[in-house]
Structures are given as structure tokens and as C-alpha cells.
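Asks: Here is what each chain is made of, one letter per residue.
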Amino acid sequence: MQLHPFSIPYRAGESVVRLAWVLVLLVIGTPQISGAEGVGVLVVVWFVAALAYQLVYYQRFAYELTEDTLDIASGVVSRRKREIPLRRVQNVDIRRNVVQRMLGIAQIDLETAGGSSTEASLKYVSHDEARRLQAEIGRRKRGDEPDAEPAESSELFAITSRELVLLGIVGIDLRLLSFVTVLLPVIAPSLREQFADPLLGLAVTAPFIALALVVAVAAVGGLFAVANYYGFRLSRSADELHYERGLLQRYSGTIPVEKVQTLTISENVLARRLGYGSLAVETAGYAPGEGGSQSAVPLAERDRVLSLARSIEPFGEPTLERPPKRARRRYAIRYVAVAVIAVTAAYTVDRFTGLAFAWYVALGLVPLAVVAAHLKWRHLGYAVGENYAILREGFWTRTTIVVPHYRVQTVLDSQTIFQRRWQLATLVVDTAGTNGLTGRNPRALDIDAVTADELRETVADRLQIELRRRKDQRRKERLASIEAAE
Amino acid sequence: MEDRDAAPFGDDVEPAIRRIDSVSAAAETLDASELTGPMRTLEPSIQVVWILRASISAFLLGGLATIGSVVAFDDATFGGVIFVLAFVFGVVHAVLRYRIWRFQVREGSLYLERGVVRRVRTVVPYVRIQHVDVSRGPIERLFGLATTVVYTAGSRGADVSIPGLTPESANDLQDRLKQLAIAAEGDDAV
Numbered sequence: 409m410q411l412h413p414f415s416i417p418y419r420a421g422e423s424v425v426r427l428a429w430v431l432v433l434l435v436i437g438t439p440q441i442s443g444a445e446g447v448g449v450l451v452v453v454w455f456v457a458a459l460a461y462q463l464v465y466y467q468r469f470a471y472e473l474t475e476d477t478l479d480i481a482s483g484v485v486s487r488r489k490r491e492i493p494l495r496r497v498q499n500v501d502i503r504r505n506v507v508q509r510m511l512g513i514a515q516i517d518l519e520t521a522g523g524s525s526t527e528a529s530l531k532y533v534s535h536d537e538a539r540r541l542q543a544e545i546g547r548r549k550r551g552d553e554p555d556a557e558p559a560e561s562s563e564l565f566a567i568t569s570r571e572l573v574l575l576g577i578v579g580i581d582l583r584l585l586s587f588v589t590v591l592l593p594v595i596a597p598s599l600r601e602q603f604a605d606p607l608l609g610l611a612v613t614a615p616f617i618a619l620a621l622v623v624a625v626a627a628v629g630g631l632f633a634v635a636n637y638y639g640f641r642l643s644r645s646a647d648e649l650h651y652e653r654g655l656l657q658r659y660s661g662t663i664p665v666e667k668v669q670t671l672t673i674s675e676n677v678l679a680r681r682l683g684y685g686s687l688a689v690e691t692a693g694y695a696p697g698e699g700g701s702q703s704a705v706p707l708a709e710r711d712r713v714l715s716l717a718r719s720i721e722p723f724g725e726p727t728l729e730r731p732p733k734r735a736r737r738r739y740a741i742r743y744v745a746v747a748v749i750a751v752t753a754a755y756t757v758d759r760f761t762g763l764a765f766a767w768y769v770a771l772g773l774v775p776l777a778v779v780a781a782h783l784k785w786r787h788l789g790y791a792v793g794e795n796y797a798i799l800r801e802g803f804w805t806r807t808t809i810v811v812p813h814y815r816v817q818t819v820l821d822s823q824t825i826f827q828r829r830w831q832l833a834t835l836v837v838d839t840a841g842t843n844g845l846t847g848r849n850p851r852a853l854d855i856d857a858v859t860a861d862e863l864r865e866t867v868a869d870r871l872q873i874e875l876r877r878r879k880d881q882r883r884k885e886r887l888a889s890i891e892a893a894e
Numbered sequence: 380m381e382d383r384d385a386a387p388f389g390d391d392v393e394p395a396i397r398r399i400d401s402v403s404a405a406a407e408t409l410d411a412s413e414l415t416g417p418m419r420t421l422e423p424s425i426q427v428v429w430i431l432r433a434s435i436s437a438f439l440l441g442g443l444a445t446i447g448s449v450v451a452f453d454d455a456t457f458g459g460v461i462f463v464l465a466f467v468f469g470v471v472h473a474v475l476r477y478r479i480w481r482f483q484v485r486e487g488s489l490y491l492e493r494g495v496v497r498r499v500r501t502v503v504p505y506v507r508i509q510h511v512d513v514s515r516g517p518i519e520r521l522f523g524l525a526t527t528v529v530y531t532a533g534s535r536g537a538d539v540s541i542p543g544l545t546p547e548s549a550n551d552l553q554d555r556l557k558q559l560a561i562a563a564e565g566d567d568a569v
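Here the protein sequences come in this chain order: D and Y.
Here my numbering = 1-based position in the first sequence + 408.
Here my numbering = 1-based position in the second sequence + 379.
Source of the hints: derived by calculation from the structure; they are not laboratory data.
Please note that a few of the clues may not be correct.
[To be verified] Partial chain Y-side listing against chain D, Cβ under 7 Å, derived:
(1) 481
(2) 484
(3) 487
(4) 500
(5) 503
(6) 532
(7) 533
Only a predicted model underlies this, so the values are computations on that prediction, with no experimental measurement involved.
Note that CB positions come from ideal geometry on N, CA and C, so glycine has one too.
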């Protein structure tokens with residue numbers, strides 16, 4: 409099979425856009441080429457050259473879906489032939505931006521475990537072909553007959569407009585706002601009395617401009633969230649999750665349920681207040697930094713998020729334990745120390761330089777530090793059950809990570825010299841999943857050192873037990889199928 | 380390693396589908412208990428390697444500080460002080476690091492304990508081992524040492540490496556881990 413013919417002009421166009429800065433440099437660097445005409449000629453020449461290259465690329469690019477593999481032969485200068493075993497494929501993603509949608513073409517990406525980057529990507533095939541490949545790869549992985557009924561799919565979640573609007577608001581990063589609101593009252597009054605000239609105006613308004621900027625950034629962030637998750641749908645068919653989303657750029661992908669590594673439920677401050685949360689699933693397919701975890705539910709009521717998470721991994725309703733209270737004392741001491749340094753710095757600046765700061769306002773940071781310590785402690789939690797380890801952390805964005813024991817890769821507990829004094833330790837449960845969205849490791853921060861020591865072994869033991877159980881189960885299934893055949 | 384010589388790989392091919400009673404036979408032929416061992420420490424000479432490495436960075440740091448102090452105060456003492464401090468720190472760190480470092484080839488997993496400032500105890504189940512390397516850097520070669528590196532599919536990558544082994548024991552460890560990983564039947568490493 410070949411790519412869609414439209415991929416030739418599209419890819420050529422892409423290379424023109426990608427190399428726009430080279431064109432700019434050329435125009436600046438060469439005096440002979442000047443004005444719009446010169447640029448126009450350059451662009452056309454470039455485009456034609458790219459077109460020729462892409463034509464050859466198109467002719468040399470062939471792919472074929474066999475019963476067990478996807479074979480791709482490609483390359484203009486150096487040729488390359490690849491066979492990707494379908495069994496190893498983790499995710500099949502389709503994406504289309506606005507232009508691609510107008511041309512009716514789509515990009516399809518295949519991810520396998522262990523790869524440092526996307527295993528294969530077809531740029532570009534027709535949208536129907538992409539959908540066919542996605543469905544066919546899913547079918548062949550299951551080992552269904554070609555004429556088998558397409559797997560029954562049931563919708564798990566579809567975002568409502570209310571949730572979408574909420575997502576736009578909740579998606580705003582509150583840390584930005586809090587930073588500005590804390591800083592403003594400290595700086596603004598002193599500046600107002602200090603300068604009695606036109607500079608004053610600027611100095612006073614600058615923070616407000618900064619605030620306006622932050623609000624604008626937040627608004628843009630909200631808009632992005634809305635554009636990203638517009639029309640979000642999640643459905644489940646047999647052993648795959650399927651999602652679709654996007655206003656301008658449409659994404660559609662599959663997540664094999666058996667390859668799910670961890671589940672992450674995250675709720676930021678606003679979402680928590682409103683009783684909302686989001687769910688992401690991590691698979692092993694993606695390279696770090698590529699956004700490995702996929703949003704399964706961008707935003708929904710907490711109960712709904714939890715029940716959806718439980719439908720993927722039935723982890724029940726465990727009660728999370730908090731770290732010992734001395735962890736809270738530790739945070740309080742640490743934060744107060746930082747606050748004291750800040751107060752001292754503010755006082756020094758006020759005392760020894762011309763800038764009159766309302767330094768005493770910084771004293772407010774001290775009680776704030778105590779509150780912060782309590783909040784940090786309050787939102788920590790862990791539970792190591794029979795089949796799952798559940799680890800919670802974070803005040804601004806609270807993430808609760810569900811790790812099935814049989815997904816554990818390594819377990820470790822670590823103790824810094826500061827933690828040792830308090831007999832606290834951190835337990836880290838590592839999986840092959842990449843926490844792309846939150847960047848957080850599944851860990852239990854500052855739990856009792858002895859408990860951490862025990863839990864490390866417990867998790868490792870549970871992994872062995874789980875693996876043995878699953879092996880037995882597979883063996884029984886295999887035998888049952890043999891006996892049925894006999 | 381006599382184990383492996385006695386039953387080389389591929390000698391007797393196991394059928395892909397087996398009866399329940401015969402399935403675990405393959406795992407049992409590799410006697411896991413013979414491959415495991417007590418808690419072990421590193422070769423003492425690794426301290427010299429670490430001290431050498433530390434002195435290189437101490438030298439660089441001291442050099443920078445010397446240039447800085449000569450330019451600023453027209454006096455090189457400051458640079459010397461920095462060098463001595465960094466060097467002493469490096470030596471103390473290397474010695475402590477050696478004393479703390481230990482590892483054990485346990486029944487179902489590899490256990491490591493290390494770290495001066497941040498003490499880390501890691502458990503690597505054999506099922507999760509993807510492959511095992513032995514590497515020898517130039518300084519290590521000078522002192523007849525080697526490092527065994529264990530790779531898993533974990534997102535923290537290759538941070539499980541055991542330095543300060545003699546080349547023989549590094550190879551031996553590599554062999555053991557390989558066999559234990561095979562015995563653990565890592566068919567679903569992810």
C-alpha cells in the first residue's frame with residue numbers, strides 16, 4: 409500500500425514552513441534578493457525542490473499489513489525495511505490538524521514498548537485508511553477472524569459542554585495567580601510613596617500589567633484546554649480503550665487495557681473545591697517527555713472518575729494512610745525557615761537600600777508557612793493493598809497514582825540525611841509507565857522509615873505472588889483451549 | 380556456572396504447550412538457591428577509583444577558584460583552600476560510600492543499598508531484568524575493576540549498576556543474573 413497522494417504536496421509544504429527561518433536568513437544575507445518578489449521566488453523554488461523529493465519519497469514508501477506484522481519499506485537515500493510485530497504494538501494514534509482535515513488525510517503513529525521514540529508513523533494516509541488500520545491492527549492483535557463482528561464498543565465517557573467550560577477554568581494554573589497576589593501587596597504601597605515622578609506611574613502599574621499578563625496566559629491556557637478536549641469521547645471495546653478529542657487538531661487513539669501500567673487521578677485546588685477530577689492512564693509505549701500518559705477523562709465529577717478508574721483497574725475503596733505527624737513538623741520547620749529568610753531579606757533591603765519595602769508584610773509568610781506545611785502533609789497518602797499500591801501527593805494538584813503490583817519494575821526506599829534525623833523515608837514504586845502529564849513518580853513521601861523498609865519488601869513479594877497467579881491463570885486458559893480443541 | 384555447562388541452552392527444546400505437571404520443570408533445573416548468595420560488599424580498591432575521580436573534579440574546581448581569586452584579590456590561597464576542601468570531601472565521601480555500598484543476590488530479586496547523602500535501598504525483581512551488561516572504564520581497567528549494569532524497563536532507566544567488582548566476579552554476577560532472569564520467566568517484562 410502507498411501513502412495518500414496528497415501527502416506529497418502537504419509534506420513539501422511542511423518543509424517550506426519548517427525551513428522558513430532559513431529563508432529569512434537567506435533574504436537578509438543576500439542583498440540581491442530583496443522584497444516580496446525575492447522571497448516569493450525562493451519559496452517557490454524551495455517548494456518545487458521539496459515537491460520533487462517528496463514525490464520520490466512517496467514512490468519509495470510502501471507498507472503492508474500482514475496477519476502478524478506491519479511491514480514498512482521506506483527511504484530515499486538509505487533504504488529501510490521494517491517489520492513491526494503487531495503483538496508488540498501498544499498504541500495506535502491518529503492525528504489530523506485543520507489542513508490535514510481539509511485534505512482528508514491523517515497521520516497514524518504506532519507505539520511499541522521499549523522504543524525510545526514512536527516506532528512507526530505513516531505520514532499521511534487517508535482518514536478512512538487510518539481508521540481501517542487502527543481497527544484492523546486491533547482485530548489482528550486480538551486474533552479474531554477477518555469476518556468476525558467488529559468488537560462491541562460501549563461509550564464510557566463523553567465530555568459535556570459544562571465540563572468543557574469548567575475544564576477551561578480549572579485548567580488555569582493557580583500557582584501563577586497566587587504568586588502575583590502574594591507579591592502585589594508587599595511591593596505596591598511602598599512604591600507608591602517612594603516615587604513622586606512619572607516613573608511612579610509605571611512602577612505602580614507594572615505589577616498590574618504583570619497580573620494582566622498572567623490572566624491572559626491563564627485564559628490562553630484555558631482556551632487550549634478547551635480546544636484540546638473539545639468533543640472528547642472515551643469508549644471501550646473488548647480489551648481496548650478508544651478516545652477521540654480536539655477542536656482544530658483531531659486526535660484519536662487506542663489504549664490496550666492489558667498494557668495499562670498505572671492510573672493517575674489528578675485534582676487541582678479548584679477542581680477539588682468543585683468536586684471534580686481527571687483520570688489519565690499511562691502505558692509503556694511512549695518515550696519520556698513525549699506525553700506518554702493519555703487523558704482518559706479530562707474532567708468529570710470525582711465519583712465518576714473513580715468509578716471509571718475502577719472499571720479499568722478494580723482497586724476497590726482503600727483508605728489512604730497519612731505519613732506520621734512528625735513529617736508535618738518537618739515541613740513546618742523547613743517552610744518557616746524559608747519564610748524567615750525571606751523576611752530577613754525584605755528587612756535588609758528596606759533598611760540598607762533606598763527602596764522602602766513594606767517588609768513587615770513578609771512576616772505574614774510565617775503563619776502561611778505553617779499552613780502550607782499542614783496542607784502538604786494533609787494531601788499525602790499511601791495504601792499498599794493486596795493487588796494495588798495507591799500513592800497520593802500534592803496540594804496544588806493532588807495526584808493519586810494507582811499501581812497494580814504486577815506492573816512494578818523496581819521498588820526502592822530512600823532516605824536523605826535530613827529524613828534520617830526524623831526517621832522518615834520515601835518509598836518509590838517504579839513502573840514502565842511514563843508519567844507524562846504530571847511528571848510525578850509514584851511515591852510515598854516521608855513515611856516512617858521502618859514502614860518504608862517493610863513496604864519495599866511487601867511490594868516486591870506481592871509482585872511475585874501476582875506474577876505466579878497470572879501465570880497459573882494463563883496456563884489454565886491454555887490447557888482449557890487445548891482440551892476444547894481435542 | 381557449572382550448571383550452565385551441564386545443560387547448555389537449546390539442548391533440550393521445551394514444547395511451547397506443556398502439561399501442568401511438566402511446566403515448572405524448566406525453572407527447577409536451574410537451581411536458584413545455588414545462584415543466590417549472602418550480602419556482599421565492593422572491592423576496597425574502588426575507593427581509590429572514586430578518590431581519583433573526586434580529585435579530578437577537585438582539581439578543576441580548585442583551578443577555577445585559583446583563577447578567580449588571582450583576578451579578584453591577586454592571591455592564590457583561596458583556590459588552594461577550595462582544592463583541599465573539595466579533595467577532603469571527595470575522600471571522605473568515597474570512603475563512606477564504600478562502607479555503605481552493599482548488594483545481595485536474593486531469591487527472587489537483586490537487592491542494593493547505597494548512597495551517602497541519600498541512602499537508597501533498591502529491589503530489582505529478576506522477572507524485570509531486560510539485559511545485563513559488564514562495563515569497564517579506563518580508570519576501572521587501571522585498577523582491575525568492572526561494573527555490572529542491570530537494565531529494566533522502568534522509567535528511571537539504567538540507574539541500577541554495581542561498581543567495584545573484579546572482572547571475574549562482574550562476569551559471574553552477570554551470568555547469575557541472566558540465569559535467574561531466565562528462570563523467573565520474564566515473558567511479560569512490561
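Asks: Checking each numbered hint in turn, tell me which of them this model violates, lowest number first.
Replies: Numbers 1, 2 - these are the hints that the structure violates, sorted from lowest upward.
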